[in-house]
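Listed here are the chains, written in short residue letters.
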Amino acid sequence: MLSIGRATYDAIVAHARQDHPDEACGVVAGPEGSDRPERFVPMTNAARSPTFYEFDPADLLALYQEMDSRGEEPVVVYHSHTATEAYPSRTDIGLATEPNAHYVLVSTREHGNSEGHVEFRSYRIVDGQVSEEEVSVVDDTVSEPPSGIVSAHRAKD
Amino acid sequence: MAIEVRIPTILRTYTDGEKSVTGEGGTLSEVIEDLETNHPGIKERLVEATDGQSDLRRFVNVYVNDEDVRFTGGLETSVSDGDQVVVLPAVAGG
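From first to last, the protein sequence lines are chains A and B. At position 139 of the first sequence the residue is numbered 139 (the working numbering), and the sequence of numbers has no breaks. Take the position in the second sequence, starting the count at 1, then add 1000; the result is the number in the working numbering.
These aren't lab readings, by the way, just hints derived from the structure by calculation. Even for Gly, the Cβ is constructed at its ideal location relative to N, Cα and C.
Which residues of chain A face chain B? A partial, calculated answer using Cβ under 10 angstroms:
1) Val27
2) Ala47
3) Glu54
4) Asp68
5) Pro88
Given only the sequences and the hints, what does the whole structure look like? Please build it.
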């Protein structure tokens, strides 16, 4: 299961809307081994394409060096699909290289740049195998009670 | 002294989980050959041969001292003792 803060969730959706009809991409970094996506890092899609995304190689190096120095890893790797559903494409599966990451796919196909529902789904992609997982959005605007309680509450929404 | 090579998570199966290994050589190509002798299989993940010509794989980024080797001569980029090589798979998809 992916447990993600409301503010981060909203930031990913906003990034996807803003870059529509091109694909938006980025990561949410978190302490290594914690599985906590804490630091939202939107990236530039160097491909500037509605059907492809790629982090700029220089930005990619800077990102990984920064995460390294902070003891972080990419807990979430996200990108948007702008004309198709929020499910990993064959290319996404072939190029997935972070076995520990949650791959988040959002789709802006319904409303584009406008407000409105944005499909938000999460997957593990390991050795070419895709498994979808539940997404639990936790309220991160107030001081956090034990996370288990928040997840259980939010899951009913 | 040798050349430090930073290994991404996905390739640490070849390095017993090590994040960083050392290699020897005067060019990136030679360093990769040296890595291959100690970590068999890793070369194939970095380099591909097309028409008898070896090149870095399209979705593998390699940096020598923070410079993307695509701009410094690719596999023939020269390296020397104390240099740092970073390997990062592209974060990309469709």
